[in-house]
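Asker: Start from the sequences and build out the full structure, keeping to the hints where you can.
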Amino acid sequence: MLDSSGSPTRNRLIGLLFAVIGIAILSVAAALTPAEEGIGTHRSLGLPQCNWITMMDVPCPTCGMTTAFSNTVRGDFVSGFRAQPLGLVFCVIVAMAVIGGLWTAVLGRGPGGLLAAAWNRWWTWGLVAFAVLAWVWKIVDHRGLI
7 MLDSSGSPTR
17 NRLIGLLFAV
27 IGIAILSVAA
37 ALTPAEEGIG
47 THRSLGLPQC
57 NWITMMDVPC
67 PTCGMTTAFS
77 NTVRGDFVSG
87 FRAQPLGLVF
97 CVIVAMAVIG
107 GLWTAVLGRG
117 PGGLLAAAWN
127 RWWTWGLVAF
137 AVLAWVWKIV
147 DHRGLI
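When we follow this note's numbering, the leftmost residue of the sequence shown carries the number 7, and every step to the right adds one.
FYI, nobody ran anything at the bench for these hints, they're computed from the structure. By construction, the Cβ of each residue, glycine as well, lies at the ideal position given by its N, Cα and C atoms. A portion of the hints provided could be inaccurate.
[Unchecked claim] Label pairs and their in silico Cβ distance ranges:
#	residue 1	residue 2	range
1	R149	L19	39 to 49 Å
2	W58	F136	15 to 25 Å
3	W58	P14	43 to 53 Å
4	V84	V142	11 to 21 Å
5	L19	M61	37 to 47 Å
Answerer: Written out as structure tokens, the structure is:
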């Protein structure tokens, strides 16, 4: 995607695109008031309630993501984690993508080589395992067990 062998102009445009999209996501999260319950912040965007909760009283794997983002952009990492641990991680990743995008927009070469060198299948499996554990956390939290 972004590397030192690509055109600097192309890399700059892609970096700027990453930064703009990330800033838009973080800005929307900052504009929302996080739901005290840990889920439901997305409803202020005009979206419906989660069908999983409505039909089965079980939160879906993404329940709490918007609330976690909204808390995390405010620096409330504990509430962000409580709402959805994976949402907190994704919010931090989006913020890092903004920084990486701005870096690339200025320098014309991205930090992609560093990421590619560090990423391996264990990171992938670790992220999948964390996503499953985050969902279990959300289910247990929804049941009032934590």
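Asker: Could you run down the list of hints and mark each one as holding or not?
Answerer: Hint-by-hint comparison with the structure:
Between R149 and L19 the C-beta distance comes to about 47 Å, which sits within the given range of 39 to 49 Å. W58 and F136 have their C-beta atoms about 20 Å apart, which keeps the hinted 15 to 25 Å range intact. In this structure the hint that W58 and P14 lie 43 to 53 Å apart at CB holds, the actual value being about 46 Å. Hint check: V84 to V142, Cβ distance near 19 Å, so the stated range 11 to 21 Å holds.
Between L19 and M61 the C-beta distance comes to about 44 Å, which sits within the given range of 37 to 47 Å.
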